[in-house]
Amino acid sequence: MVANLRAGNLDGYLGPDPFNQRAVYENEGFIFMLSKEIWPGHPCCAFAARKDFAEGAPNAFGALFRAIVDATEFAHDKKNRKEISAAIAPRNYLNQPVEVVEAVLTGQFDNGLGQKMNVPDRVDFDPFPYQSMAVWILTQMKRWGYIKGDVDYQKVAAQVFLADQCRDVMKLLGYKAPERNSVPHTFLLGKQKSFDPSKPAEYLGGFPIKRA
Amino acid sequence: MTPAREERLRTVVYSLVLLVSFLILWQGIAGAGGKGGKAAGIPGPLAVAETAWVMLSDPFYDRGPNDKGFGLQLGYSLMRMMGGYLCASVVAILVGVALGSSPALFKAANPFIQIMKPISPLAWMPLFLYTLKNAGQAAVLVIFVSSLWPTMANTAFGVGSIKKDYLNLSRLLQLSWPRRFLQVILPAAAPAIVAGLRISIGSAWVAIVAAEMLIGGTGVGYFVWNEWNNLALNSVIFAIFAIGMVGVLLDFGLGRVAKLVAYSD
Amino acid sequence: MAFLEINHVTKFFPDPDGAGQVCVFRDVAFGVERGEFLTMVGHSGCGKSTILNIIAGLEAASQGGVVLEGREIRGPGMDRMVVFQNFSLMPWMTVTQNVRLAVRSAYPAWSGAQVDDCVRRYVVKQRVGLARAFATEPKVLLLDEPFAQIDALTRGVIQEELVRMWTASRNTVFMVTHDVDEAILLSDRIALMTNGPDARLAEIVEVKLPRPRSRADVIDEPEYARLRSHIIHFLVERSRHLQEQAMAEGRLGSRPFVPTR
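Protein chains in written order, with my numbering: chain A, 1 to 212; chain B, 1 to 265; chain C, 1 to 261.
Certain hints may be false.
FRET-style restraints, in silico, Cβ to Cβ [claimed, not checked]:
id, chain 1, residue 1, chain 2, residue 2, range
1, A, M117, B, Q137, 44 to 54 Å
2, A, V156, B, T131, 46 to 56 Å
3, B, Q174, C, H8, 22 to 32 Å
Since the hints were made in silico from the structure, they are not lab data.
None of the values given here were measured: they were computed from a predicted structure.
For every residue, glycine included, the Cβ atom is placed at its ideal position computed from N, Cα and C.
For reference, chain A alone in the conformation it holds in the complex (with noise of 0.2 Å):
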């Protein structure tokens, strides 16, 4: 992405970070917002597995489950950023600049404008899939068309974002746990600032923008 910044082939992109702040660092870019003030506490990176593999390598796909509980919830903690960045910054893994990386993870960083920002939450790690984003997103992919006919939004959101084995896993590895797999969300921008799981068609019903 910032290869085709330099070269003129992007005026700009939304996009996860590190990249971000790397147009930053090679001087092509600037930061224009960050995605929390559009919708904080979004999800964003997600661990899936194929149905075959999780039901047909239980022992292998547990122990992938729990690892990458264990690493969020150690991400999540902000005295371990510093020793993160420097771990997954080298060439075998993210291969960026490691000014960079820990500029994303610790929120203290450049907007490319000047002005130094201090933002801690810039970014945040939870393992907990909340099925009520899983609703959000099917009613978006029901909007633009992505999927037709009709769904059952519930019934989808819990077979594929698995709340209860989350939680399960959690509190094995000691961690506090959501009491709840569905909850409201709020967003900063946009035409409806709050969205009930429960109630998704109306929701889908309220945007004036939409495919046919």
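Got chain A; can you put chains B and C on it based on the hints?
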């Protein structure tokens, strides 16, 4: 000093002067440059040399899909290229001999060859990816296609130009087909065939680097593209030099073969 | 019937310019006795090389045929071997390998040692181009202007070499040449062709000079001078005259035949 010696020395000196001027010019126009980061422009020769040192001092490590030694990447590229190239050479020589031996056949086949020749090998890539569903195999097949035509055309020409006396002699001596092929036709056409092989290996090497940029995974082409995406221009420039050196070596090797099979009529 | 009988051969080639055919030579008939050295002389375009190729089996006659020892010739065979202009040694092989290939082809049953022996015998002193042909010990040896591209000084040496080898092996020899002196020096009889197209065999003269013939001595013989004069007159005047006669009699087209080798 003999005049010949003097001449050679002069050539070497001129080359060195050209090289040094080029390096100075390059260092002059280069920016701060570097492994990416506050890069003001193209990295200079010193920065590239530093990267080269790092790359070459440990060329064969493997630390996962995102991080393999440069030597390994070169190895992948060469392997793929050789696979496609060798198969293509065998096919091209056999078909070329057939075409060269029969003017009628050659005239019939020639229009198709002329159409196929200018097609960029990479244009075949989508077709191969779609049918083979395997990026590695598709790349090898692209190399195969790009290495066919120069060898085929040169072989046909070489075989077609064999002095009639040699062919008559093989008829008089009643040579069996394999004998005739191995002892008369192949050696007679060998200089032309090797010339074709030399051109083909050049285009094969060019094609594999380009193909790897498209399909990714491993190889120098992928390396160049990956480093570019990370704005690591040092590595890109180093890789360019390395690609050039390999090309020189390949051509040099075939040049030796050309000397071996040469004869004066 | 002679040992090698050229039996009323005629050769047509497709006309390079238009439709129809051009006749190279017509109704050529002569015989060569076993062990005889016969040379054919004529201008370019009379088809003498074509006749040689027909005897070798590399080309076929349009009419008529060639009979060797009572058997008709139907293609190349190891009983007839050609010495090409420039000898056409294959340059990607060594001299020895060239001769080896020929010997192997002539005697496929021989062991490696036998082949080496034969090769050594022929290659040691003799000219290699000739060596390769002689090594196959053919019944008929065909020489297609073999000395044309050799400089005049070397030519004499090689000619003597040829005579020596032939005297030892006594193959039947059919040679084609432009060089009148060479023809007289080497041959028992000389066949004279008129000009092409539609060339004919005009006459065959006997060379009544005793063997062995050395270049130095034979030139002084009066018979040599007579023969030489006769042949050169033929080549300069009579061959053309005969052709004109044929044209007048309506047996020819008006276009000269351009030979393509």
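Verification of the hints:
1. Between M117(A) and Q137(B) the Cβ separation comes to about 49 Å, which falls inside the hinted range of 44 to 54 Å.
2. Taking the beta carbon of each, V156(A) and T131(B) are about 35 Å apart, not inside 46 to 56 Å as hinted.
3. The given range of 22 to 32 Å is respected by Q174(B) and H8(C), whose C-beta atoms sit roughly 28 Å from each other.
Violated hints amount to a single one, hint 2; each of the other numbered hints is respected by the structure.
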